[in-house]
Structures are given as C-alpha cells and as structure tokens.
Amino acid sequence: MKPYLAIIAMDIKLALRLRAVIFFNYLFPLIFFFTFATLLHRSADDMVFVVTMSVTLGVLGSGFFGAGIRAIQERELNILRRYKVTPISPTPILVGSMVTGWAIFIPYIVLLLLTAHFLYKMPLPTHFFGLLLFISLGLIAFRALGLVIASVANTMQEGTILVQLFYFPMLLLSGATFPADKFPKIMTIIHNFVPATYLVKGMQNILLKGQGLGTKENLLAVIVMVVTTISGGLIATKLFRWEKEEKIRGSAKLWVLAVLLPFFAMGIWNWIHLK
Amino acid sequence: MSEQPVIYVNQLQKSYDKVEAVRGIDFAVSQGEVFGLLGPNGAGKTSTIEILEGLRPRTGGDALVLGFDPDKQKQQLKDRIGVCLQATNLPVKIKVQESLELFGSFYTRSVSAELLLKRLQLWEKRAAYYETLSGGQKQRLALALALVNDPQLLFLDEPTTGLDPQIRLEIHKLIEELKAEKRTVVLTTHYIEEAERLCDRVAIIDAGKIVAMGTPRELQQKSQERSRIDIVVAQPLNGTVLPQWPEALDTKLGDDGRALTVYSSRPARTLFEIMKWLDQQGIQLEDVHLKRPTLEDVFVELTGKKLRD
Chain A
1 MKPYLAIIAM DIKLALRLRA VIFFNYLFPL IFFFTFATLL HRSADDMVFV
51 VTMSVTLGVL GSGFFGAGIR AIQERELNIL RRYKVTPISP TPILVGSMVT
101 GWAIFIPYIV LLLLTAHFLY KMPLPTHFFG LLLFISLGLI AFRALGLVIA
151 SVANTMQEGT ILVQLFYFPM LLLSGATFPA DKFPKIMTII HNFVPATYLV
201 KGMQNILLKG QGLGTKENLL AVIVMVVTTI SGGLIATKLF RWEKEEKIRG
251 SAKLWVLAVL LPFFAMGIWN WIHLK
Chain B
1 MSEQPVIYVN QLQKSYDKVE AVRGIDFAVS QGEVFGLLGP NGAGKTSTIE
51 ILEGLRPRTG GDALVLGFDP DKQKQQLKDR IGVCLQATNL PVKIKVQESL
101 ELFGSFYTRS VSAELLLKRL QLWEKRAAYY ETLSGGQKQR LALALALVND
151 PQLLFLDEPT TGLDPQIRLE IHKLIEELKA EKRTVVLTTH YIEEAERLCD
201 RVAIIDAGKI VAMGTPRELQ QKSQERSRID IVVAQPLNGT VLPQWPEALD
251 TKLGDDGRAL TVYSSRPART LFEIMKWLDQ QGIQLEDVHL KRPTLEDVFV
301 ELTGKKLRD
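Which chain is which? The protein sequence lines are A and B, in order.
Terminal number for the first sequence in this note's numbering: 275, no gaps in between.
Terminal number for the second sequence in this note's numbering: 309, no gaps in between.
Just so you know, the hints here were simulated from the structure itself, not pulled from any lab data.
Please note: incorrect hints may appear among the correct ones.
Taking beta-carbon pairs under 7 Å as the criterion, some of the chain A residues facing chain B (in silico) [what the hints assert, rightly or not]: (1) 1; (2) 3; (3) 6; (4) 12; (5) 73; (6) 77; (7) 79; (8) 81.
In silico contact screen, one side only, chain B against chain A (beta carbon under 10 Å); selected entries [what the hints assert, rightly or not]: (9) 57; (10) 64; (11) 90; (12) 104; (13) 107; (14) 149.
Remember, it's a predicted structure, so these values are computed and weren't measured experimentally.
No residue lacks a Cβ here, since even glycine has one placed at the ideal position from N, Cα and C.
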C-alpha cells in the first residue's frame with residue numbers, strides 16, 4: 001500500500017505545480033463555461049447544456065491528454081525507466097494516474113455546479129452526490145481509455161494522432177457541443193456509438209430530469225463505464241511499457257477498440273431501440 | 001571475500017530477433033569486488049547488465065544475482081540491488097528530497113533521505129526542483145537513488161559519462177567509499193582510467209563475448225605492447241654510441257640529442273641498466289618517465305576498436 005499512497009501523494013503535488021494542469025483542468029473548461037453561459041443562459045435547460053459541455057470537455061481532456069499523453073511523455077522522457085529498476089509493478093503508477101486525475105477534477109465539478117447555480121440560476125441537482133459519482137466513473141473510465149492509448153502508441157506522434165481520432169469525434173458527436181436532438185438521422189445513429197454520449201446523456205438525465213443512478217438508462221451507462229475502467233485498467237497494465245525503446249506491434253492498437261466494446265454494445269442496443 | 005559469488009553467470013545469451021547481442025558469456029563477481037565491464041557501443045555490456053538487473057529476460061544460459069534468478073525473482077532482486085542507469089529523468093517539478101522519499105517508499109528497506117543527501121553533497125539542494133539541477137547534481141541524485149535501499153550490490157551504468165572532470169573525481173571517490181564499505185559494484189564505463197583506478201577486475205566484451213578478463217594489471221601484462229621509457233638528459237648525446245641495454249627492443253634519440261626513448265619488454269630491468277650507464281658516463285639526468293601499456297592499448301589490441309567507437 002505504501003507505494004500507492006506515495007505515488008498518489010506525489011502525483012497530486014506534481015500536478016498542482018504544473019501550470020498546464022491547472023490551465024487544462026480549471027481555466028480552459030471555465031473559459032468555455034463562462035463564454036457559453038453568458039451567451040446561452042436563457043433557461044435552466046440551456047445552463048444544463050453548458051454545464052454538460054464544460055464537464056465533458058474536462059473529462060475528455062483529463063482522460064486523453066491528462067492521462068494518455070502524459071503517460072507517453074513520461075515514457076519518452078525516460079522517467080518511467082527510473083521506476084523500472086525498482087520493485088514496483090505498473091499498477092501503482094496507473095492507479096496513481098487515475099486517482100490523481102479524479103482528485104484534481106472533482107473540485108472543479110463542485111465549483112462549476114455552484115457557479116452555475118449562484119450566478120446563472122441553474123437548480124442544483126436533486127441527486128448531487130449521484131451526479132458526482134457518475135462523473136467520477138466517467139472520468140476514471142476515460143482516463144483508463146487514455147492509458148490504453150498510451151500503452152499502444154509507440155511514439156508521441158502516434159499517441160497524438162490516436163488521441164485526436166477519439167477526442168474530437170467524441171466532443172462533436174456526443175451531444176456535448178451540439179444538441180443531439182438536432183442531429184440528422186445518420187448522425188443520430190453514429191451518436192449512439194460514441195462513448196462520450198453516455199456520459200453526456202447520463203449527466204443530462206440527472207440534471208434535467210432529476211433522475212438518480214438507478215434508472216435503466218443510467219444504470220447501463222454506469223455498468224458500461226465500470227466495465228471500461230476495469231478492462232482498460234487491465235489492458236493498460238498488461239501492455240504497459242517502461243521505455244520508449246520497447247516497441248509494441250501495430251496490431252496492438254486494436255486493444256483500444258476492445259476497451260470500447262461495451263460502448264459499442266450500448267450503441268447497438270440503442271440503435272435497435274431507435275429503429 | 002565470501003565463497004559464494006554475488007553474481008554468477010554461465011553461458012549467458014541474449015538475442016533480439018536474429019541479432020545475438022550476448023553470445024554465451026561466463027563470469028562470477030565476489031562480494032566487495034568492483035567489477036568493470038568494458039566494451040564499445042553494441043558490444044553487449046548493457047544487455048548483460050540489464051539481464052542481471054532483472055530488466056530483460058535472457059535467451060539462454062544461467063544467471064544468479066544475490067542468489068536470485070533475475071528472470072523468475074525480479075521483484076525480490078530489485079528490492080535488494082541499487083541501479084544507476086544511463087539516461088534517466090525525473091519529473092521536472094519533483095524536489096530532490098521528495099524524489100528520495102518517493103523512491104524509498106518502493107523498497108522494504110530504505111535509508112534516510114537526509115543521510116543520503118548529505119553524503120552526496122545535495123543537502124543544500126534538497127528543496128530544489130529537478131529541472132533546476134546541473135548535470136553533475138542530477139547524476140549525484142541518480143546515485144543517491146541507487147543507494148536509497150541500502151543495497152549490497154550496485155550496478156552503475158556509465159555513471160560519469162558526459163560529466164566534467166571534477167564531478168567525475170567526486171563520483172570516483174564515492175565508488176571507492178562503496179568499495180570500502182564492502183559493497184559489490186558492477187561498473188560499465190567508457191573511461192579507461194576509471195576502470196584502471198576503480199575496478200578490482202575487468203571483463204572486456206566485444207561482439208557479445210568476453211575477450212579478456214582479469215585485474216587491470218593482469219590484462220596489461222598480457223599485452224604484447226611494449227613499455228616506453230622517456231628520458232631527458234642535461235647534455236646532448238649526439239655522436240655518443242648508445243649501448244644495447246638488456247631487454248631493450250628499440251632506442252630513439254630526439255633531434256636535440258637530449259630526449260631518449262627506449263622501448264622495452266621488461267622496463268624495470270632496462271631502466272635500471274640505463275640509469276647505471278648514465279651514472280658511469282657522468283651524464284646528468286633531468287627527467288624520466290615510464291609508460292606501461294594501458295588498458296586502452298590492451299582493449300585496442302584485443303578488439304581492434306577504440307573504447308568509444
């Protein structure tokens with residue numbers, strides 16, 4: 001347990017010392033929040049859309065850039081090589097990354113909800129802690145996905161391409177940045193296969209409809225995110241590489257799709273229901 | 001030295017696809033010994049050392065380090081050894097003392113960070129961020145990290161490469177202290193003088209095989225290179241008939257007639273005879289140097305390469 005606690009404590013300290021972490025976790029989503037809130041704060045529904053967008057932006061940024069790109073960077077800079085000669089396994093490093101991401105991000109969520117409530121009159125969610133739990137699960141699932149990407153990318157260039165391939169479609173097609181009910185039919189089908197869709201829908205259900213985590217739709221999203229976290233964590237541990245010289249075969253990139261299988265299953269389920 | 005070797009290697013092999021990096025090497029290292037691995041880049045010394053550290057699996061042969069099989073008992077082995085790798089980094093915003101405390105938490109046994117910082121002359125820098133340290137300070141920290149679990153066996157992979165002479169001397173002093181504490185050290189280096197000064201024994205590796213092994217002096221004695229005696233006398237020897245001194249292989253007189261160079265297979269005997277002759281002739285001696293074949297000469301002779309190739 002000692003290495004886990006030491007790594008988590010150190011990761012949190014290091015994250016708070018880096019301006020980039022503060023910028024991307026707090027300032028960047030807050031800039032979006034204030035810009036869109038100022039433009040769209042006509043109703044509580046609009047504010048839910050703005051809050052959902054800001055949270056999704058933060059979750060995806062934390063998962064793909066905060067966990068994924070940072071892990072590649074640590075490998076490329078020979079930082080992980082120093083850990084390799086010690087008796088620890090990759091697990092404390094990966095757990096440390098997930099817990100740190102969560103610990104840094106959750107205060108931002110609380111700040112965001114309180115700001116939306118007090119400045120823009122958005123009602124606080126009935127299931128406040130349910131929402132925090134749901135976002136936490138989403139954050140950890142997407143960090144696990146980011147860590148799998150880091151495990152299968154051989155270079156920073158490959159990692160950046162993979163991250164962009166997932167980040168932008170998720171941001172644009174999940175309903176976080178454009179309202180999904182205005183999508184044309186073909187886009188709606190694709191929308192159902194986008195993992196971030198379930199994060200966005202779940203948050204909207206809790207914020208708009210006052211639902212808890214026990215509804216069928218939310219419960220399924222929770223299960224999918226937990227399965228993604230577990231499978232992502234296991235795959236990231238299995239494929240973990242300490243050194244940039246240890247290359248992985250190109251076909252290993254298919255593991256990213258394997259981690260996303262639960263979301264594809266949800267997509268198929270929703271597609272059938274949509275028909 | 002104890003009977004049981006700290007490191008035992010028998011017919012060790014390592015292949016990467018079709019490339020044989022290590023081709024059946026044997027050696028043993030005793031407790032308290034400083035053992036040097038010398039070889040040009042790509043000779044197989046880093047592969048060998050990384051197999052022994054439990055970082056890479058071997059392809060064939062046997063290896064035991066502190067009684068552990070590095071392939072099967074990696075965690076137990078890593079818990080007991082200290083490693084200073086080439087080219088490692090720490091997060092830029094980690095503080096010096098924090099890094100020792102963090103890495104110390106990974107081991108079942110650890111030394112106080114304060115003690116190590118003082119020993120490595122980093123106490124003043126304990127609160128400095130890693131990014132602000134000089135190259136020498138970073139290397140001293142890397143050595144402190146290698147000592148954080150109080151290991152009895154240390155692997156130091158080119159610990160002084162790229163450092164200025166003063167820092168190199170400081171690190172030499174530390175390695176001598178480690179030796180005095182009866183710790184076993186496996187050292188790879190590109191600096192011949194480092195191996196000559198620090199190592200009890202040296203193995204020269206080339207193309208994945210050990211081509212010579214012994215104390216630096218034994219290796220020098222095996223060399224077919226000749227020792228060179230340089231003498232400077234007060235008055236020119238032009239026109240003087242120089243005798244054939246015992247064991248002298250060749251004699252050359254410099255243009256000014258005062259510098260005499262004699263090559264010998266047994267320099268002590270030749271030098272003694274030269275001194276006797278100079279005294280008999282009443283010639284005043286101003287300077288004398290004896291240059292034995294260095295480990296570098298031996299290395300070139302055995303491998304046909306310079307160490308830094």
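Measuring from the C-beta of residue 12(A) to each C-beta in chain B, is the shortest one below 7 Å? Check failed: Cβ of residue 12(A) comes no nearer than 12 Å to chain B, outside 7 Å.
When the least beta-carbon distance from residue 149(B) to chain A is tested against 10 Å, hint result: Holds, because the Cβ-Cβ distance from residue 149(B) to chain A comes to roughly 8 Å (cut-off 10 Å).
Taking 7 Å as the limit, does the beta-carbon of residue 77(A) come near enough to a beta-carbon in chain B? holds, 5 Å
Given a cut of 7 Å on the nearest C-beta pair, is the interface hint for residue 3(A) held or broken against chain B? holds, 5 Å
When the nearest CB of chain B is found for residue 81(A), is that gap smaller than 7 Å? holds, 5 Å
Holds or violated: the hint that residue 6(A) contacts chain B, with Cβ atoms closer than 7 Å. Given a least distance of 4 Å, the restraint on residue 6(A) holds.
Can residue 104(B) be said to touch chain A, with a Cβ gap under 10 Å? Since chain A brings a Cβ to about 9 Å from residue 104(B), closer than 10 Å, the hint holds.
Does residue 64(B) meet its interface restraint, that is, does its C-beta lie within less than 10 Å of any C-beta in chain A? Because about 18 Å separates residue 64(B) from the closest Cβ in chain A, which is outside the 10 Å limit, the hint is violated.
Against chain B, is residue 1(A) within 7 Å by beta-carbon distance? violated, 10 Å
Return the status of the interface hint for residue 79(A): holds when the least beta-carbon distance to chain B is below 7 Å, violated otherwise. holds, 5 Å
If you take the shortest Cβ to Cβ gap from residue 73(A) to chain B, is it below 7 Å? violated, 10 Å
Can the hint on residue 107(B) be confirmed by a CB-to-CB distance to chain A that is less than 10 Å? holds, 6 Å
The structure fails to meet hints 1, 4, 5, 9, 10 from the earlier list, while all remaining hints are met.
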